[in-house]
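A.B. asks: Residue strings, one per chain:
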Amino acid sequence: MNNATPLLHVKNLHVRYTTDEGTVHAVNGVDLVMKKGETLGLVGETGAGKTTTALSILRLIPDPPGEITSGEILFDGHDLVPYSAMKMRKVRGNHISMIFQDPMTALNPVLTIGDQISEVIRLHDRLSRSEAYGKATRMLELVGIPADRMGEYPHQFSGGMKQRVVIAIALVCNPLLLIADEPTTALDVTIQAQVLELMQNLRTELGTSMMLITHDLGVVAKICDTVAIMYAGEIVEYGTLQEVYNNTRHPYTKGLFGSIPKIDVRERRLKPIPGLMPDPTHLPQGCSFHPRCPFCTDQCRHKKPENVLLYGDHFAKCYYAEDGLQ
Amino acid sequence: MNELRAHEALPESDRMVRRKKSQLRETWRRMLKNKASLVGLTIIVLFAFMAIFADHIAPYHYDEQKLEDAFLKPSRDHWLGTDNFGRDILSRIIYGARISLQIGLISVGIGVAVGGSLGAFAAYYGGYTDNAIMRFIDVLLAIPNIVLAISISAALGPGLVNAMIAVGIGTVPIYARVVRASVMTVKEQEFVEAARCIGAKTPRILLRHILPNAMAPIIVQATLGVATAILAAAGLSFIGLGIQPPTPEWGAMLSAGRQYIRDHWHIVTFPGLAIMLTIFALNLLGDGLRDALDPRLKR
Chain A
1 MNNATPLLHV
11 KNLHVRYTTD
21 EGTVHAVNGV
31 DLVMKKGETL
41 GLVGETGAGK
51 TTTALSILRL
61 IPDPPGEITS
71 GEILFDGHDL
81 VPYSAMKMRK
91 VRGNHISMIF
101 QDPMTALNPV
111 LTIGDQISEV
121 IRLHDRLSRS
131 EAYGKATRML
141 ELVGIPADRM
151 GEYPHQFSGG
161 MKQRVVIAIA
171 LVCNPLLLIA
181 DEPTTALDVT
191 IQAQVLELMQ
201 NLRTELGTSM
211 MLITHDLGVV
221 AKICDTVAIM
231 YAGEIVEYGT
241 LQEVYNNTRH
251 PYTKGLFGSI
261 PKIDVRERRL
271 KPIPGLMPDP
281 THLPQGCSFH
291 PRCPFCTDQC
301 RHKKPENVLL
311 YGDHFAKCYY
321 AEDGLQ
Chain B
1001 MNELRAHEAL
1011 PESDRMVRRK
1021 KSQLRETWRR
1031 MLKNKASLVG
1041 LTIIVLFAFM
1051 AIFADHIAPY
1061 HYDEQKLEDA
1071 FLKPSRDHWL
1081 GTDNFGRDIL
1091 SRIIYGARIS
1101 LQIGLISVGI
1111 GVAVGGSLGA
1121 FAAYYGGYTD
1131 NAIMRFIDVL
1141 LAIPNIVLAI
1151 SISAALGPGL
1161 VNAMIAVGIG
1171 TVPIYARVVR
1181 ASVMTVKEQE
1191 FVEAARCIGA
1201 KTPRILLRHI
1211 LPNAMAPIIV
1221 QATLGVATAI
1231 LAAAGLSFIG
1241 LGIQPPTPEW
1251 GAMLSAGRQY
1261 IRDHWHIVTF
1271 PGLAIMLTIF
1281 ALNLLGDGLR
1291 DALDPRLKR
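Which chain is which? The protein sequence lines are A and B, in order. Residue numbers 1 to 326, in my numbering, belong to the letters of the first sequence in order. Residue numbers 1001 to 1299, in my numbering, belong to the letters of the second sequence in order.
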C-alpha cells in the first residue's frame, strides 16, 4: 500500500430499503475518506444511516430489502461494490472487521470463546487447528483475559469481558480497517473507558484504522482524528477533530454541541434540537435539515446545498458555512 | 504485533488437550447430575445391550415353536410365558429389541435429516425457497401420517428397510416445521451477522452457528418421535406391510396377541411394556441431553 491512496474512499454512496410502506432512503450520497492508521468518528442520531453505511462497506446490507443503488466503495484502491460473494468473504474479517453494539448477542452462546476466536483465523489463514488455537489464545491474553478461560462459554463472561472477546475476534486477523458500531453503548461508563482504551492501544499497536460509529461526542473527542457528522443519510460536516469541534460550521453540528449540558453552568432544562429526524421515506426537499434549522432561508427549502470546502479537509453541507453562523 | 510474537513459545498442545477433555467431561458431569436422564440412559443401554447380544442372552430362538406349549403363563422355563405358537415371549422381546430400536432410530434419523435440512433451508433463505419448500411440506402434512406410510410401503413393498423409509418420510413434515421455526428465531440474532462479518460461508453459518442453537426443540421432538415411529412401524406390520412374520417386532407381537387378550394377558402385556419402557427411557434421556448440551443452562 502506498500512502497516497486513502485506505477507504466512499464516493457518493446511495443505499435504499424497499419495503411495503415505501422506499427508505437510508444513505443519500455519502462521501468519506479515511487514511491509513486514522480513526474516524461517524456521529449522528439514531436512524441517520450510520450503521447502514458501515454495513454497506462490508456489503452486508440485507438484500432484499436493502440495495446499494449507486456509488463506489474504494478499499485500498479497489471498488468493493462489484465484488462477488466469494471475494467479499475474503475481505470480511481479514481486511475489514466489525465490532457490534451489543456484545451480549454478538457471540454464539453454544460455542466456547476459544472456538469462536479460532474460527476467524481458520477461515482466513492456512493454520492447523492447534496453531489457530494458539494464536487465538495469545489474542485473548492481549485483550486482557487469562488464557485459561478459552474453554468457557459467552454466558460465563461479564458484558465488558464479552466486548473484549468481540474485539479479539475482530482484530485477530490483523485487519486494515476496524468498524466499531457503537462499541460502548451497551456497557456501563467505567467499563466504557476501559474498553475504549483497550481498543485505542491495540489499534496503534497493530496499525489498524478505525471507523467509530457513535452518538457520544465525548468519546469522539477522546479517540478520533477526524469526525464525520451524519444527518438523514448524508455527511453534513466532515473535518479533523480540531476543526469540527472548534470551528463548527453546520447548524446541525452546532445543535449537537449545544445539546450537551455543560458542567459549569447550572441549567434547568437540556437544550435539544427542536423537531425530529425527517421520515426517511419522505425526505424534505432542499436541505434535509431545513425544517429544524434556525437559520433556514428560502434557498435551503428548495435546493440541496453542495459541500462547501473550508479550511483544509473541513467541509460542511450548508449555504452559510463560509460565513460562520451567528 | 510484537506482543503477539512474544507469546509464541508457549506450549499450545497442552491447552488444546485440556480444553477438549474438559468440554466432554463437563457435559458428562451435568448428565450425571440429572438422575432421571441417567435412569433413561441405563434403560436404553440395557435394551441396546440386549439387542446386540440377543443370540447369547435369549433362552430360546425367536421362532422356535412348540405348539404343545402354547399360551403358557409366565413360569420358570418361560419367564414371560409363551404365545399362540408356543414361542418364548422373553426371547422374542429380546430379539425384537433389535428390530424395534433400529426402526425407531433409523426412521427418525431419515425424518430429521430430510425434514431438518428442508426446514433449515426454508428458514435460512426465506422468500421463494421458503414458500416452495413449505407448501410441499403442507401437501405432505395434509395426508394423514399413517396413510402416507401405508402408500409408501405399499409402493416399495414390505420389509424392514422399506418400513423405515415409509415411517421416516411420514415424519418429515414434523421435523421440517420444528427446525424451520427454531432456525427462524436464531438466524435473526446478531451473532449470525457477526459470523457473516468474519467471512463465514453459508453452510458453515447454518451448521455451526444456527443449528446448534436451534437444537433443543429438535432433540425433544426426535426422542418423542422414536416412540411414534416404533408405533407406526407396528401399525404397518399389523396390516402386513411392515415387518414380516416370524421376525419378532414388538408392535407386530402386540397386534398378533391382541385377539388373545381376554384369556392370555401376558402375550400383549410384555411387548407393550417393552415399548413403553423404551419410549419412557428415550424421553428421559432426551430431556437430560438437551439440558446437558446447552451451555446456557450450566450451573
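Note that these hints are calculated values from the structure, not bench results. The structure displayed is predicted, hence computed values, not measured ones. Backbone N, C-alpha and C fix where the C-beta goes; we use that ideal spot for every residue, glycine too. Careful: at least some of the hints might be erroneous.
Just so you have them, the derived chain B footprint on chain A, three or more residues with Cβ under 8 Å [said to hold, decoys possible]:
1) 95 to 103
2) 112 to 124
Derived lysine to aspartate or glutamate pairs resembling DMTMM-like cross-links, with alpha carbons at most 25 Å apart [unchecked claim]:
3) A/Lys-303 <-> A/Glu-267
4) B/Lys-1033 <-> A/Asp-279
5) A/Lys-11 <-> A/Glu-38
6) A/Lys-90 <-> B/Glu-1064
A.B. asks: For each hint given before, does the structure comply? Return the numbers of the non-compliant ones in rising order.
C.D. replies: Hints 3, 4 and 6 not satisfied by this model.
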